[in-house]
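Listed below are the residues making up each chain.
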Amino acid sequence: MEFFRNSNIDFLGKKWYFLAFSLIFSVAGLFSLFFWHGLPLGVDFRGGTLVYVKFTQRPDENHVRSLLAKAGLTQAKLQRIGQPEMNELLISLDIQETSEQALDAGKNTIIQALEGTSPDPNKKDLNNASSQSVFDALLTADPVRAGTDANQRYQAIAQQIVDLRDKEHGGVFSSFDQLKVLDPNVVQVLQSSFYLSNFGVRNVEIVGPQVGKQLQIQAYKAIGLSLLGMLVYLWFRFELIYGVAAVVAVFHDTLITVGAFSMLNKEISLTVIAAILTLTGYSMNDTIVVFDRIRENVKLMRRESLAQIVNISINQTLSRTILTSGLTFLTVLSLFLFGGEVLHGFSFALVIGILIGTYSSIFIAAPMLVAYQGWRANKKGLAAQAVSLPAARSKEKARAR
Amino acid sequence: MNKNLTWKTIFIVAVMLVFLFGIFGIPKSLSKAGLTAAVRERISLGLDLRGGTHLILQVMVNDAIKADSDNAVDRLKSELRTANITYAEITQPDPNTHPEMISVKGVPPESSADLRRIVQERLPEYDLASGAENSWTVSMKSSVLEDLKQRSVTQAIETIRNRIDQLGVSEPVIEEHGLGAYQILVQLPGVDDPARVKEIMQSTAMLQIRQALDGPFSSEQDALQKSGGVLPPDSVLMKGRYQGGPGSGDRADVWYLLSRSSAVTGRDLRGAEPTRDENNRPAIRFMLTSDGGRRFGSFTGSHVGDRLAIVLDNKVQEVATIQEQINDEGRITGAFTDQQAKDLAMILRSGALPAGIRYLEERTVGPSLGADSIRHGVLAAVIGLIAVIVFMLIYYRGAGINADLALVLNLIILLGFLGFTGATLTLPGIAGVILTVGMGVDSNVLIFERIREELRHGKTPTSAVSQGFAHAWVTIVDTHVTTIVSAAILFIFGTGAVRGFAVTLAFGLLANLFTAVFVSRVIFDAHLNRHRAGEPLSI
Chain U
2 MEFFRNSNID
12 FLGKKWYFLA
22 FSLIFSVAGL
32 FSLFFWHGLP
42 LGVDFRGGTL
52 VYVKFTQRPD
62 ENHVRSLLAK
72 AGLTQAKLQR
82 IGQPEMNELL
92 ISLDIQETSE
102 QALDAGKNTI
112 IQALEGTSPD
122 PNKKDLNNAS
132 SQSVFDALLT
142 ADPVRAGTDA
152 NQRYQAIAQQ
162 IVDLRDKEHG
172 GVFSSFDQLK
182 VLDPNVVQVL
192 QSSFYLSNFG
202 VRNVEIVGPQ
212 VGKQLQIQAY
222 KAIGLSLLGM
232 LVYLWFRFEL
242 IYGVAAVVAV
252 FHDTLITVGA
262 FSMLNKEISL
272 TVIAAILTLT
282 GYSMNDTIVV
292 FDRIRENVKL
302 MRRESLAQIV
312 NISINQTLSR
322 TILTSGLTFL
332 TVLSLFLFGG
342 EVLHGFSFAL
352 VIGILIGTYS
362 SIFIAAPMLV
372 AYQGWRANKK
382 GLAAQAVSLP
392 AARSKEKARA
402 R
Chain W
4 MNKNLTWKTI
14 FIVAVMLVFL
24 FGIFGIPKSL
34 SKAGLTAAVR
44 ERISLGLDLR
54 GGTHLILQVM
64 VNDAIKADSD
74 NAVDRLKSEL
84 RTANITYAEI
94 TQPDPNTHPE
104 MISVKGVPPE
114 SSADLRRIVQ
124 ERLPEYDLAS
134 GAENSWTVSM
144 KSSVLEDLKQ
154 RSVTQAIETI
164 RNRIDQLGVS
174 EPVIEEHGLG
184 AYQILVQLPG
194 VDDPARVKEI
204 MQSTAMLQIR
214 QALDGPFSSE
224 QDALQKSGGV
234 LPPDSVLMKG
244 RYQGGPGSGD
254 RADVWYLLSR
264 SSAVTGRDLR
274 GAEPTRDENN
284 RPAIRFMLTS
294 DGGRRFGSFT
304 GSHVGDRLAI
314 VLDNKVQEVA
324 TIQEQINDEG
334 RITGAFTDQQ
344 AKDLAMILRS
354 GALPAGIRYL
364 EERTVGPSLG
374 ADSIRHGVLA
384 AVIGLIAVIV
394 FMLIYYRGAG
404 INADLALVLN
414 LIILLGFLGF
424 TGATLTLPGI
434 AGVILTVGMG
444 VDSNVLIFER
454 IREELRHGKT
464 PTSAVSQGFA
474 HAWVTIVDTH
484 VTTIVSAAIL
494 FIFGTGAVRG
504 FAVTLAFGLL
514 ANLFTAVFVS
524 RVIFDAHLNR
534 HRAGEPLSI
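Protein chains in written order, with the numbering used here: chain U, 2 to 402; chain W, 4 to 542.
It is worth saying that the hints were derived from the structure and are not from the lab. There may be inaccurate statements among the hints.
Here are some chain U residues pointing at chain W (derived, C-beta under 8 Å) [stated by the list, open to error]: (1) R203; (2) V208; (3) A372.
Derived list of chain U stretches under chain W, where covered just means 3 residues or more per stretch with a C-beta under 8 Å from a C-beta of chain W [to be verified]: (4) 222 to 234; (5) 315 to 322.
Lysine-lysine pairs mimicking DSSO-like chemistry, simulated, CA-CA at most 27 Å apart [said to hold, decoys possible]: (6) K125(U) with K345(W); (7) K168(U) with K35(W); (8) K80(W) with K229(W); (9) K267(U) with K16(U); (10) K462(W) with K11(W); (11) K16(U) with K300(U); (12) K69(W) with K144(W); (13) K125(U) with K71(U); (14) K181(U) with K168(U); (15) K201(W) with K168(U); (16) K152(W) with K124(U); (17) K345(W) with K242(W); (18) K80(W) with K144(W); (19) K201(W) with K125(U); (20) K78(U) with K267(U); (21) K201(W) with K214(U); (22) K201(W) with K345(W); (23) K152(W) with K214(U); (24) K300(U) with K381(U); (25) K124(U) with K168(U); (26) K242(W) with K80(W); (27) K152(W) with K318(W); (28) K318(W) with K229(W); (29) K201(W) with K152(W); (30) K124(U) with K214(U); (31) K345(W) with K124(U); (32) K125(U) with K168(U); (33) K201(W) with K242(W); (34) K31(W) with K168(U); (35) K80(W) with K300(U).
All C-beta atoms, glycine included, are put in the ideal place defined by N, C-alpha and C.
Take the sequences, apply the hints, and build the full model.
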């Protein structure tokens with residue numbers, strides 16, 4: 002089987018269309034970044050509290066919102082996540098409500114607000130109880146007359162109960178019937194000292210403002226440095242203009258991806274930054290494959306113009322580009338579709354990034370080389386001719402020796 | 004097969020076996036359950052996959068500096084007094100932001116040489132600088148300051164580790180986090196109740212036993228009045244809790260006048276355990292080291308009939324009359340619950356924190372979410388892998404088998420590496436594995452496309468294969484180096500899960516260089532060896 006055998010597409014001839022396409026997306030992204038949604042930084046960078054809650058039934062968002070408002074959390078943001086039948090909500094608070102002195106105050110208020118008033122003041126919520134508090138309750142009531150090894154036995158039973166809740170029932174019991182696998186005496190103790198709320202907390206993230214700021218600076222540094230590192234490497238391996246063209250293309254990809262997050266108002270978390278860095282590497286890969294071929298062809302085809310060489314090179318590598326991008330896209334798409342909620346932002350960034358990264362290496366990076374050569378030829382008043390690649394060629398020679 | 008090729012094949016099989024051992028170790032049984040258990044044992048999962056609590060703490064290093072310079076203020080005062088040098092005041096002008104600075108005012112000019120000598124001789128870790136009008140600044144040397152800050156972080160880590168160990172958390176991570184920021188990272192797998200752990204970690208638990216000179220007073224004013232408005236020398240006033248007789252519900256704060264120095268401190272403790280007092284109330288029994296016991300024995304021996312105050316975190320817990328000489332054991336009673344007595348005994352056992360700590364970040368992943376994440380990640384990985392394997396077979400036919408073998412070996416090496424190094428697999432790490440699958444075939448595609456091109460130009464299979472590898476090699480190195488650059492930067496700047504991703508990605512790429520270039524080539528060569536001339540290559 003073979004796609005794109007001997008393709009002969011005039012990519013450079015259509016460069017204005019693609020430039021227009023890139024401009025539209027970049028400008029739309031920039032517009033959203035500066036005038037619309039801004040940079041939707043997640044809790045990781047902004048600082049704040051994120052509580053990921055699973056309910057026993059489909060949550061009524063208005064009701065949840067009113068419960069939180071009653072507890073004074075009017076600014077809490079609610080977001081439905083995952084498949085609807087999972088009954089999951091993400092509740093987030095900005096850092097204003099969680100000072101560093103009481104970092105977990107926001108979380109505690111959210112949980113208390115959702116729990117409402119306990120049906121019996123002496124009962125605790127089993128869905129949000131730690132194994133320690135289950136252990137304490139069991140040890141006090143001593144339902145199985147454990148005797149001397151009570152500590153060990155009740156610790157094991159408490160762990161079993163918590164595991165049952167978290168591993169078998171997805172983090173929340175909907176009725177005491179689900180505890181039937183346990184000793185009836187134990188269940189009785191649980192029923193007398195616990196009640197079941199309609200939710201369980203699956204995940205809590207609290208980031209103080211100081212750490213958020215620190216992470217933000219680190220993320221900018223990481224992106225900036227990796228671009229610089231690649232520029233230097235390409236400068237060393239090819240010529241400065243190749244490095245510049247590749248970095249411009251990667252910058253274009255980053256801008257459009259971040260712009261897409263902004264336009265869709267999706268939060269940018271630490272893992273999204275990891276995805277963006279990965280796609281800079283990936284997009285760079287694609288660009289290098291094309292550049293390597295251009296360098297090779299410049300040596301072989303002395304009579305052709307650079308524009309023609311670039312066109313031929315893109316066509317020659319097209320099959321590989323489409324295949325690789327297609328396959329990587331396939332794996333990333335599987336991550337996006339099946340990877341679950343936690344990886345949603347990460348895989349979304351990769352899905353966009355691979356499409357745009359493949360596109361930019363063909364339509365942005367390669368044309369820049371030709372444009373640069375045209376500009377230089379104009380400036381020197383010379384007729385356009387293939388860029389001789391002195392640096393690269395001497396290195397090739399050195400290698401051949 | 005020629006000899007060279009045989010050796011290469013043996014090498015590849017050996018590599019595969021070594022890394023398979025990395026993944027599974029030597030499994031007890033080859034059943035699915037046995038293998039899963041073996042993998043669980045070898046590959047450590049990140050907190051995001053197994054559930055648990057992750058905390059970042061800030062060590063308030065200024066506390067430790069303050070304690071040190073408080074001490075220096077005392078020493079300076081007594082040295083000046085001994086040397087008969089008069090001074091107007093010795094204060095810490097800016098205790099919150101610059102606790103290392105001490106200001107000395109009103110030393111007469113003729114005594115300045117003596118002052119300089121005293122600071123040099125008696126306070127060697129401090130520098131003296133003169134300011135305007137007979138005022139001086141004594142400040143901690145910057146190297147000493149830096150050392151003290153770093154030492155408080157190390158000491159805090161040690162103390163926290165002791166406390167966590169006693170809680171029985173398995174495989175906790177307690178380490179310095181971020182260079183020079185005086186932060187500590189604490190990861191507690193399986194801990195679902197961060198509140199209790201935090202309380203135990205944060206407690207400074209400074210135990211002191213001092214002589215009680217007078218009290219209780221109902222207010223600070225009362226205490227001052229008794230001694231005529233100024234505290235007697237070498238004494239301090241401390242808040243305590245009124246331990247009313249039976250039936251008295253009175254819990255008002257009271258003050259005691261205590262000796263300035265302690266008979267014994269938390270450093271002299273050998274052990275502590277929860278117990279009960281004669282009224283069957285929860286209490287803590289403590290045991291002293293032999294040195295501490297000797298000092299405590301001589302102190303209590305010479306102070307029979309005097310009163311003794313047990314001070315915990317600068318609060319008087321109990322005041323008791325010394326009945327007889329006590330050598331190596333004592334008891335702290337107070338209004339404790341059983342749990343409090345248990346936790347407090349544990350904190351005493353683990354020593355005092357050198358400085359307060361503040362929480363900067365807290366993440367708790369429920370085990371249910373972790374289990375979900377593993378399921379989703381593995382599902383995505385399997386689907387992605389199958390899609391790629393099937394596609395390669397259809398698109399490249401015979402050569403597709405080659406690429407698939409290389410891909411599988413790549414995965415084995417990557418996972419085996421995780422097993423060997425103990426690197427932690429995180430959810431983004433699983434994503435890194437999946438991405439490696441996608442990017443791993445890239446090298447094969449580059450090579451295969453090149454071979455196809457060469458075949459189109461009429462080359463023989465043998466020379467097409469060698470030309471294809473030779474041409475593609477340059478490109479493969481370039482693409483791998485750039486991606487490893489970004490992975491390295493991710494590793495340097497990333498934390499936790501992101502680092503896990505960077506490690507998997509970087510190692511996946513290295514493994515890929517081996518499998519796509521070396522292994523693939525050997526498979527081709529082996530195939531070409533048995534290949535009859537003129538027969539087309541299946542690619």
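Tested hints:
no.	hint	in the structure
1	R203	holds (4 Å)
2	V208	holds (5 Å)
3	A372	violated (23 Å)
4	222 to 234	holds (count 7)
5	315 to 322	holds (count 4)
6	K125(U) with K345(W)	holds (22 Å)
7	K168(U) with K35(W)	holds (20 Å)
8	K80(W) with K229(W)	holds (25 Å)
9	K267(U) with K16(U)	violated (31 Å)
10	K462(W) with K11(W)	holds (26 Å)
11	K16(U) with K300(U)	holds (25 Å)
12	K69(W) with K144(W)	holds (14 Å)
13	K125(U) with K71(U)	holds (21 Å)
14	K181(U) with K168(U)	holds (16 Å)
15	K201(W) with K168(U)	holds (25 Å)
16	K152(W) with K124(U)	violated (46 Å)
17	K345(W) with K242(W)	holds (24 Å)
18	K80(W) with K144(W)	holds (19 Å)
19	K201(W) with K125(U)	holds (21 Å)
20	K78(U) with K267(U)	holds (13 Å)
21	K201(W) with K214(U)	holds (23 Å)
22	K201(W) with K345(W)	holds (15 Å)
23	K152(W) with K214(U)	holds (23 Å)
24	K300(U) with K381(U)	holds (23 Å)
25	K124(U) with K168(U)	holds (24 Å)
26	K242(W) with K80(W)	holds (25 Å)
27	K152(W) with K318(W)	holds (26 Å)
28	K318(W) with K229(W)	holds (21 Å)
29	K201(W) with K152(W)	holds (22 Å)
30	K124(U) with K214(U)	violated (41 Å)
31	K345(W) with K124(U)	holds (24 Å)
32	K125(U) with K168(U)	holds (21 Å)
33	K201(W) with K242(W)	holds (25 Å)
34	K31(W) with K168(U)	holds (25 Å)
35	K80(W) with K300(U)	violated (83 Å)
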